[in-house]
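*Asks:* Residue strings, one per chain:
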Amino acid sequence: MNTVPNSFRTQPDERGHFGQFGGRYVAETLMPLVLDLEREYRKAQADPAFQAEFDDLLEHYVGRPSPLYFAPRLTEELGGAQVWFKRDELNHTGAHKINNCIGQILLAIRMGKTRIIAETGAGQHGVATATVCARFGLPCVIYMGAEDVKRQSPNVFRMKLLGAEVVPVTSGGATLKDAMNEGLRDWVANVHDTFYIIGTAAGPHPYPEMVRNFQSVIGKEARAQMLARTGRLPDLLVAAIGGGSNALGLFHPFLDDATVKMLGVEAAGHGLDGDEHAASLLGGSPGVLHGNRTYLLQDADGQITEGHSISAGLDYPGIGPEHAWLKESGRVDYTAVTDEEALEGFQLLCATEGIIPALEPSHAIAAVKKVAPTMPKDSIILANLCGRGDKDIFTVAERLGVEL
Amino acid sequence: MTRLTTTFAAPRPALVCFITAGDGDTAANLDALVEAGADVIELGMPFTDPMADGPAIQSANLRSLGAGTTTADVLRYATDFRARHPHVPLVLMGYANPMVRRGPEWFADAAAQAGVDGVICVDIPPEEDDALGPALRAKGIAPIRLATPTTDAARLPQVLEGSEGFLYYVSVAGITGKQQAQIASIEANVARIKQSTNIPVAVGFGVRTPEQAAEIAKVADGVVVGSALVELCGQYGAEAPQHLKTLTKGLAEAVHSAR
Chain A
0 MNTVPNSFRT QPDERGHFGQ FGGRYVAETL MPLVLDLERE YRKAQADPAF QAEFDDLLEH
60 YVGRPSPLYF APRLTEELGG AQVWFKRDEL NHTGAHKINN CIGQILLAIR MGKTRIIAET
120 GAGQHGVATA TVCARFGLPC VIYMGAEDVK RQSPNVFRMK LLGAEVVPVT SGGATLKDAM
180 NEGLRDWVAN VHDTFYIIGT AAGPHPYPEM VRNFQSVIGK EARAQMLART GRLPDLLVAA
240 IGGGSNALGL FHPFLDDATV KMLGVEAAGH GLDGDEHAAS LLGGSPGVLH GNRTYLLQDA
300 DGQITEGHSI SAGLDYPGIG PEHAWLKESG RVDYTAVTDE EALEGFQLLC ATEGIIPALE
360 PSHAIAAVKK VAPTMPKDSI ILANLCGRGD KDIFTVAERL GVEL
Chain B
0 MTRLTTTFAA PRPALVCFIT AGDGDTAANL DALVEAGADV IELGMPFTDP MADGPAIQSA
60 NLRSLGAGTT TADVLRYATD FRARHPHVPL VLMGYANPMV RRGPEWFADA AAQAGVDGVI
120 CVDIPPEEDD ALGPALRAKG IAPIRLATPT TDAARLPQVL EGSEGFLYYV SVAGITGKQQ
180 AQIASIEANV ARIKQSTNIP VAVGFGVRTP EQAAEIAKVA DGVVVGSALV ELCGQYGAEA
240 PQHLKTLTKG LAEAVHSAR
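Protein chains in written order, with numbering that gives the first Met the number 0: chain A, 0 to 403; chain B, 0 to 258.
If we strip away everything but chain B, and leave its shape as in the complex, we get (with noise of 0.2 Å):
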């Protein structure tokens, strides 16, 4: 068993929890986060272009570059959090270009080197998924795809094929932040999912509240949040794990007892 399909064997719904790397200290972030019930860290790789992302992690890209973060730092910080948490799976996620830069088997290699469990590349579609997608499974790393409200019936195989560790739902067609999706459509997408796949599902996208996480936690395997985290460090800087707890702490409740 990996550490991921150790955490999504649980009884109970997972929270994932997302900041990006170098944007405060991470370090401190996030053992916040793991402290206050966060099941899984998604850490963000920053990007100069991260055009999937709304404002907020757009904003929080650019401090962790304007602050000097680099892959090598990125990898750092996972192989620390490795050594202080052995067993919350960890979760990289990112753009295409950084992660392939060195090529592939670069990324793959230095990624499980420093314990990392899976990656989420945003812009590597199944159809491209020769870019990154071998190398990492050569490693025992899970290639972790996205699946969305535009992906249909006909096209939802291609991406469950080759798919490890969990599916990311985007609960929206958008970018990351704060527009909301209907329950109603979140429960018939994630049932429709479900009964093409036996891997864990977990949603994502416009997760703000411990009442929103709740419902989603009803219907999915577990829930993501990201934006409203990242927001916390962009406001509080140094100050940040606190507020990091306090939330994460009303997060991994309501998740955690949503059934």
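Bound conformation, chain A alone (with noise of 0.2 Å):
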């Protein structure tokens, strides 16, 4: 287990497995699709053209590159090292959920596919997928769980007028794993016309790693972005994880520079002592949910526990399979903090730097708080600001006691 690899940019193998991670748990029905999944995937990878058009809606509709952005405000608050953020909240849609969703959606549209599922939590990956099967005219279901369409409101309104029809899932929880199943129980119903764009870094085999690579632009900028500002690279890079795309699209571009260190930040929710949290990989343990197999919150029979946290976008009970992979292999490390840090996070950033982040990046904010104080002052974090807080407007006017 301590032997390091040649290369942490190598996974995963052909069977889609990250170390014991990963791999393709799905119905039989599924498996001939998810085989033919990963046939077109290789295919687009290889054509130039599918990349060029990728690039090239990046541009124009997403409005990438997006900016590296110094805080020199927050950096002074701190007091230690230079607070640098990768700004993928400007993005068309307002988080990075978009990158992945013009990435799949435009391999439907060569597989041939006329109608487009998707599962969301917080609504981004949902408003995010209903854009573009509107700039695409593709017809799109989403899945929300109940709870979620209640704390949402403003994301299914938006959905609703982007086209999409937004399915409330009462089954379970009613929260993103419900979601996720009735996604998987849609598919399997609509083999033959149907495209499943999972919003996360997880799923069977290729998903994790087409998400992946299609959020890798955050990293592949950042890195070059960081080089032309500063001549050098980060030492250590932040984000949020949840399911963990945004995470693993800043990260991955950088796993073989063996001077950049890297922290996820799990949410810790009401903190990691109770059951109410969604930290999967500091408070769960390995087992098989929704087509892989990674750290998942359960009990002893292997029964999945309700995640929680203040961001929906990350009560999810599972994680990627590369980030269990990344955390059992020691190159990234990973932490937790609670709802209350994350609520801090988020205002700080308000305050320091004139920007309203997502409570998912609050997370992230969170943690640089922490760990910039010890750092020196020459030293340089890039944390990213994966998502803006126009959505939780509401939920943090409650949470500090705000009649809006």
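Hints in this document: simulated from the structure, not taken from any laboratory.
Just to be clear, a hint being listed does not mean it is correct.
Claimed, not checked - As a list, the in silico SDA-like pairs of lysine to any residue whose alpha-carbon atoms are at most 20 Å apart:
#1 A:LYS112 / B:THR149
#2 A:LYS112 / B:PRO148
#3 B:LYS177 / A:ASN189
#4 B:LYS177 / A:ALA188
#5 B:LYS177 / A:VAL190
Predicted model only: the values in this text are computed from it and were never measured.
Join the two chains, each given in its own frame, into one complex according to the hints.
*Replies:* Structure, rendered in structure tokens:
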């Protein structure tokens, strides 16, 4: 387990395994589809025209490259390392999710699929999926836990404006994992014409690899921008983790830069001591769910337990399998911050930089707040600002006791 | 001869009945199925996230877990069933995570000690057989695989390789419940599968009435009924056994006399 591989960037293997994690744990009905998807994805990867169309849409429709921003007042406030942000909250639709949706819908069209489905938690992936479906004129069904539909009504309205059908899921705990179950049930019944756009770097192979690759634009840009601006690489990367796609997107291009440390930040909810958190890596154990083997929140019998986080985008009881592998290989460090700390991070960025972050990257900011003061002033932290906070103002107002 | 091979060696088609463990009085429900003529029992292991199941079996899973059913309870139902019915094949059906939670060897050993004959794991395809298959085979438990309308000719040999007990042909691309396949499609697919294997083929998904069961039994070695029985458990609770008996009796007569 402690032997260092030659490269951390060659996973997964041909069966979709990241060490003992990942794989294709799906019902037989889906298995031929998943294999077909992998074949078509490999062809697309090898096709310069596919990459060119992806790049073109990212530039002219999403607004990439996103800026790399040095945060002077936050840096001064924390009194240690320089803090820089990759500004993926400035993307069209306000989060990193759109990068992946552009890639997957181009693949869906290439495969001749005529109907798109997706699951969503906070609604960011649902909005991004509805957006690309409107852009390409494909019908779109979004599965969303009934609880989340209530918590995230602005995003539900956005999806409807964009022409998506939003289906509230009432089974189980009526949150993100139940929405994913319902997405898989729809897919299995509509395999002939339907493409499932999974929103994070999880699910059966090739999804974890494919989503990571589409999101790697974040890290590729950031690496080049940092070199151009400072002539060096950052000392530490920080990103929030629910399923883990924004973190992998930032981390992956840096994995073989030995001097760059990385910190993934899970949601500790009300604290890791109790059951009310969403920290699969720090508070869970390996198991099989939603097509892959990974770390899960589960009981002694393997029943999945409900995650909790103030951020609806983080309260998923699993995590992308590559993170499970990066944790076990020791390449990436993982920590967790509570709802309370995330709220403080949220307010800190508002006050010092004039940026209202989403609650997901507020977890990363909270971790930066802890670690920056312990690092020398000439060191560099690069954190991913993966979403903007407009969608969260109601949640934050409620927590701060403000009536809107 | 194992219990499964003995049952399927009989000249008449077999009726395979599914209920979820821990949903109502499991022992009484199982006895009702056997008394009314079920040839093979599939006992569902409840799981929080039954993603291949429709509303009926989803609800049964939640009722069972809500009543506090544990893996130890499921194994105890199996052990007690084996003591009461020494000759009726018993298959555990469920999802990977509860089965591999304590390690595949632990599960295979516990299932073998409980007198289980086969295991159907919905979300372990042949590609991930290592996760459970070798442990089951080492204990003499049949890993029962699923084939579906999407399992094409190129893929079928891989599904059959390592399949034991019987092959479960899922007649519709979809989830468990009410959607029904055309008998012509079932007949063609079962015939296609039987050209490639000698193991028995049982057909399930969407089978609810004796009439449907009889049609399928004309072309298959077994007929699986699940959601229709599970709905009775949900509807009648403690009174379910008598209702299970009535439906199962009709199904068994139809299946056994189909050809």
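*Asks:* Give a verdict on every hint.
*Replies:* Consistency of the hints with the structure:
Note on LYS112 of chain A and THR149 of chain B: the hinted pairing holds, with a Cα-Cα distance of about 16 Å set against a maximum of 20 Å. At most 20 Å may separate the alpha-carbon atoms for a hinted pair to count; LYS112 of chain A and PRO148 of chain B meet this at roughly 19 Å. Straight-line distance between C-alpha atoms of LYS177 of chain B and ASN189 of chain A comes to about 15 Å, which keeps the hinted pair within the 20 Å bound. In summary, the hint linking LYS177 of chain B to ALA188 of chain A is supported, as the alpha carbons are separated by about 12 Å, within the 20 Å threshold.
Between LYS177 of chain B and VAL190 of chain A the CA atoms are separated by roughly 18 Å; this keeps the pair inside 20 Å, and the hint holds.
Checked against the numbered hints given earlier, the structure satisfies every one of them.
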